[in-house]
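Engineer: Let the hints inform the model, and build the full structure from the sequences given.
Same order as they appear, the protein sequences are chains A and B. Throughout the first sequence, residue numbering follows numbering that gives the first Met the number 0, covering 0 to 497 in sequence. Throughout the second sequence, residue numbering follows numbering that gives the first Met the number 0, covering 0 to 251 in sequence.
Among these hints, one or two may not hold up.
To be verified - Label pairs and their calculated CB-CB ranges:
1) S84(A) <-> R114(B): 55 to 63 Å
2) E320(A) <-> N109(B): 46 to 54 Å
3) H306(A) <-> P58(B): 39 to 47 Å
4) E312(A) <-> E78(B): 40 to 48 Å
Unchecked claim - Below, computed lysine to aspartate or glutamate pairings styled on DMTMM-like, alpha-carbon distance capped at 25 Å:
5) K186(A) <-> E71(B)
6) K126(B) <-> E181(B)
7) K87(B) <-> E276(A)
8) K186(A) <-> E47(B)
9) K187(A) <-> E181(B)
10) K111(A) <-> E65(A)
To be verified - Calculated Cβ distances over 12 Å to all of chain A for the following chain B residues:
11) P18
12) E47
13) E100
14) T112
15) R154
16) R248
Because the hints were derived from the structure by calculation, they are not lab data. Bear in mind that the values here come from a model prediction, so they are computed numbers and not experimental data. C-beta atoms are modelled at their ideal positions from N, C-alpha and C, and glycine is treated no differently.
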Amino acid sequence: MNYISIKNNQTILLSDIPESNYEYFYEMITNLVVGRIERHCVNYFGYKVGNNVKLICCIADDLTHEIFLSTCLVNKAHELESFSSQLLCFEKFEREIHENFGINYIDHPWLKPVRYANRDDQSQTINNYPFFSINSEELHEVGVGPIHAGIIEPGHFRFICNGEQILHLEIQLGYQHKGVEQLFLKKKKLLQRATLAEGIAGDTVVGHSVTFAHVWESLCDFEASRDIEFARTLALELERIAVHVGDLSAACTDVAYQLGSAVFGRLRTPIINFLQEWCGNRLAKGLVRPGQNQFPFSPVLAERLKHILDIFEPEFKEMAEKLFTLSSALSRFERTGIVSNDDAVKIGAVGMAARMTNLDRDIRSSHPFSLYSELNHEPILKRHGDVYSRIQIRRKEVEQSLKYIRKLIANVPTIYSENKISKEPQSNSFCLSLVEGWRGEICHCALTDRKGDLMIYKIKDPSFHNWLALALAVRNNEISDFPICNKSFNLSYSGHDL
Amino acid sequence: MVMFENLKILFHQGKQFIPDPTTVQIPGIFRGRPYISGEKVDETELIELCPTDAISSNPISIDLGKCTFCGECAMRFPEKITFTKEYKIATNERDRLIIKEGENKPVEVNPETVRKEIHRVFGKSLKLRQISAGGDNSCEMELNAANNVQFDMSRYGIEFVASPRHADGIVITGPMTKNMAEAVQICYDAMPEPKIIVLVGTDAISGGIFADSPAIDRSFLGKYQIDLYIPGNPAHPLSIVNGLLDLTRKLK
Numbered sequence: 000m001n002y003i004s005i006k007n008n009q010t011i012l013l014s015d016i017p018e019s020n021y022e023y024f025y026e027m028i029t030n031l032v033v034g035r036i037e038r039h040c041v042n043y044f045g046y047k048v049g050n051n052v053k054l055i056c057c058i059a060d061d062l063t064h065e066i067f068l069s070t071c072l073v074n075k076a077h078e079l080e081s082f083s084s085q086l087l088c089f090e091k092f093e094r095e096i097h098e099n100f101g102i103n104y105i106d107h108p109w110l111k112p113v114r115y116a117n118r119d120d121q122s123q124t125i126n127n128y129p130f131f132s133i134n135s136e137e138l139h140e141v142g143v144g145p146i147h148a149g150i151i152e153p154g155h156f157r158f159i160c161n162g163e164q165i166l167h168l169e170i171q172l173g174y175q176h177k178g179v180e181q182l183f184l185k186k187k188k189l190l191q192r193a194t195l196a197e198g199i200a201g202d203t204v205v206g207h208s209v210t211f212a213h214v215w216e217s218l219c220d221f222e223a224s225r226d227i228e229f230a231r232t233l234a235l236e237l238e239r240i241a242v243h244v245g246d247l248s249a250a251c252t253d254v255a256y257q258l259g260s261a262v263f264g265r266l267r268t269p270i271i272n273f274l275q276e277w278c279g280n281r282l283a284k285g286l287v288r289p290g291q292n293q294f295p296f297s298p299v300l301a302e303r304l305k306h307i308l309d310i311f312e313p314e315f316k317e318m319a320e321k322l323f324t325l326s327s328a329l330s331r332f333e334r335t336g337i338v339s340n341d342d343a344v345k346i347g348a349v350g351m352a353a354r355m356t357n358l359d360r361d362i363r364s365s366h367p368f369s370l371y372s373e374l375n376h377e378p379i380l381k382r383h384g385d386v387y388s389r390i391q392i393r394r395k396e397v398e399q400s401l402k403y404i405r406k407l408i409a410n411v412p413t414i415y416s417e418n419k420i421s422k423e424p425q426s427n428s429f430c431l432s433l434v435e436g437w438r439g440e441i442c443h444c445a446l447t448d449r450k451g452d453l454m455i456y457k458i459k460d461p462s463f464h465n466w467l468a469l470a471l472a473v474r475n476n477e478i479s480d481f482p483i484c485n486k487s488f489n490l491s492y493s494g495h496d497l
Numbered sequence: 000m001v002m003f004e005n006l007k008i009l010f011h012q013g014k015q016f017i018p019d020p021t022t023v024q025i026p027g028i029f030r031g032r033p034y035i036s037g038e039k040v041d042e043t044e045l046i047e048l049c050p051t052d053a054i055s056s057n058p059i060s061i062d063l064g065k066c067t068f069c070g071e072c073a074m075r076f077p078e079k080i081t082f083t084k085e086y087k088i089a090t091n092e093r094d095r096l097i098i099k100e101g102e103n104k105p106v107e108v109n110p111e112t113v114r115k116e117i118h119r120v121f122g123k124s125l126k127l128r129q130i131s132a133g134g135d136n137s138c139e140m141e142l143n144a145a146n147n148v149q150f151d152m153s154r155y156g157i158e159f160v161a162s163p164r165h166a167d168g169i170v171i172t173g174p175m176t177k178n179m180a181e182a183v184q185i186c187y188d189a190m191p192e193p194k195i196i197v198l199v200g201t202d203a204i205s206g207g208i209f210a211d212s213p214a215i216d217r218s219f220l221g222k223y224q225i226d227l228y229i230p231g232n233p234a235h236p237l238s239i240v241n242g243l244l245d246l247t248r249k250l251k
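Structural biologist: Dropping the structure here:
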């Protein structure tokens, strides 16, 4: 087979990735993925080489902990057969390739714009996008956004409804597009790039900045010391707790359960305030830097965190116990917004959106990084794929993270490595890094040119896969249940639009 | 029985609200208003260090509208720059966000230049419509936090509303993407007069790290007077609460 297998965070020479013609490439990738639920596409993107476009496909195998890489050179003039007709999980990757390079696909189900970035045809704008529509006297459309009713990021949701029932939901994003990937190349200073990584999704600051740090350290052949990876693992789990608790609050708000909303809402505060006590920022901006441990986690901080968790844990458990036995709330959560396991596999769902349907996708166990191999992480799986499953996962993951954090802080590293990154990034290289953020799998890929400068930086937030799961979840549900469905996924607009 | 359980939870939660958000101290480390000493350092290196060109020379100054509060300058030149824990850093004049060498005075609203109807009309009640125009969801989360049970901004009659028709002003976060330009304009036009514009976070005030991205369109901001700048990356809820109070409550 014409591919190369690498591990998470490995850097290889670009020329080591085997290239094939599109026909062979097409057959090989489909053979790799079809019928193998342990394999899915973590990234698939193109970049210009002269007048041609080079495609790189990255398939992760969760059982063997490998990532398969393969490339293909195509010409814009030729129409291609799409992977999506067989493997729906490629649909957005192919739409992105179409959007950025004007490559046409013969049998792609729907080549709609992804984010209105770098479009060939400038007359098409997000404001005149033609939404999918069904001509019928019995159906009506409901348009929501880009500006929504709360303090939330922009995106447009177009519902086609039969009375109160949602027949179809089309989600059009792109309003948040600010050119992050291009800026990664334009901004040459490492600090600027680290700042950009923090700005990909402000709710996943740790997730994205750890992914960037891993990419950069791998490119520079730097091995992060234990204290650095300790801080990162701890911060990732703290971020997970903070957001999950916030999401439980939001779920309560959306079913009009005031007590849960207020209590979970306020329980998020001690966690993010601790992040600020540690690094000076409530959302941990500034905490993670490549090759550095800017804010060493001291035993004093460990004592302080233990104290905070000792108060947090019983209060969280008491409220969770109450919510998960409250029939009026449960009746809104159960059997609402269901995504089947089949559909989750088809669309390539990741993170919680996969685990809620018993699809075991969790980078912490499948491609371990930082200190996760020591924690023997076991993903929390649910089977029903409804709002209730998603909320249960949050509760269980908060409890699991608490356990991990207690285990971590029982043994705080006291030796702080002074090693700094001493080498320049390797030239003509490729690096891929996977991190399980609270939402799911984050993937960053970097390509360097012959001088070792960044040539391509490709970011994939878990939301890139999972927005389609939301669109499927709301079908045949009451439109009034849309907020709770949406919040139970809590996907990123910014991380998607870049 | 249910009522008893609810009361038990409430009792265990205790009092969570901050009694006075205008005087409370932030625990641990926090990067608020910076102080620049008269110490001599390698100026070129200092200026070169900043990821968003927020530091300039003659005299050495930091523009809080561009600063990402990463603290790198203070870490490299601790004798020159220190970030104090002062969270009151909002003002109505762009120039006041520039902190000069040796200056150690609060950043605050200048009541002389606040539009005169603001105090009269919004002094006791202010309803705001928030728009995220490319924001990364960090400032958005902190704006939400400003209204949670701890910071409880609504105790001052300051609240966020869903419709621009009900709003007295817009709060913009994010560097203003091209794709949001039209929506921001439509939203602003839908609000009745008098109305205010508040920019929250470094990205909104200057574009931050995204300032020179081709996907940004900040022409909207050039058309109107900005009534309040609240810096931060993201802005702390205390900066938000105090900034809005300073704008609407301070007398000449």
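Engineer: Now look at each hint and say whether the structure bears it out.
Structural biologist: To see whether the hints hold, each was checked on the structure:
no.: 1; hint: S84(A) <-> R114(B): 55 to 63 Å; verdict: 59 Å, holds
no.: 2; hint: E320(A) <-> N109(B): 46 to 54 Å; verdict: 52 Å, holds
no.: 3; hint: H306(A) <-> P58(B): 39 to 47 Å; verdict: 44 Å, holds
no.: 4; hint: E312(A) <-> E78(B): 40 to 48 Å; verdict: 42 Å, holds
no.: 5; hint: K186(A) <-> E71(B); verdict: 17 Å, holds
no.: 6; hint: K126(B) <-> E181(B); verdict: 22 Å, holds
no.: 7; hint: K87(B) <-> E276(A); verdict: 18 Å, holds
no.: 8; hint: K186(A) <-> E47(B); verdict: 13 Å, holds
no.: 9; hint: K187(A) <-> E181(B); verdict: 32 Å, violated
no.: 10; hint: K111(A) <-> E65(A); verdict: 32 Å, violated
no.: 11; hint: P18; verdict: 15 Å, holds
no.: 12; hint: E47; verdict: 8 Å, violated
no.: 13; hint: E100; verdict: 22 Å, holds
no.: 14; hint: T112; verdict: 28 Å, holds
no.: 15; hint: R154; verdict: 14 Å, holds
no.: 16; hint: R248; verdict: 22 Å, holds
In this structure, the earlier hints numbered 9, 10 and 12 are contradicted, and the remaining ones agree with it.
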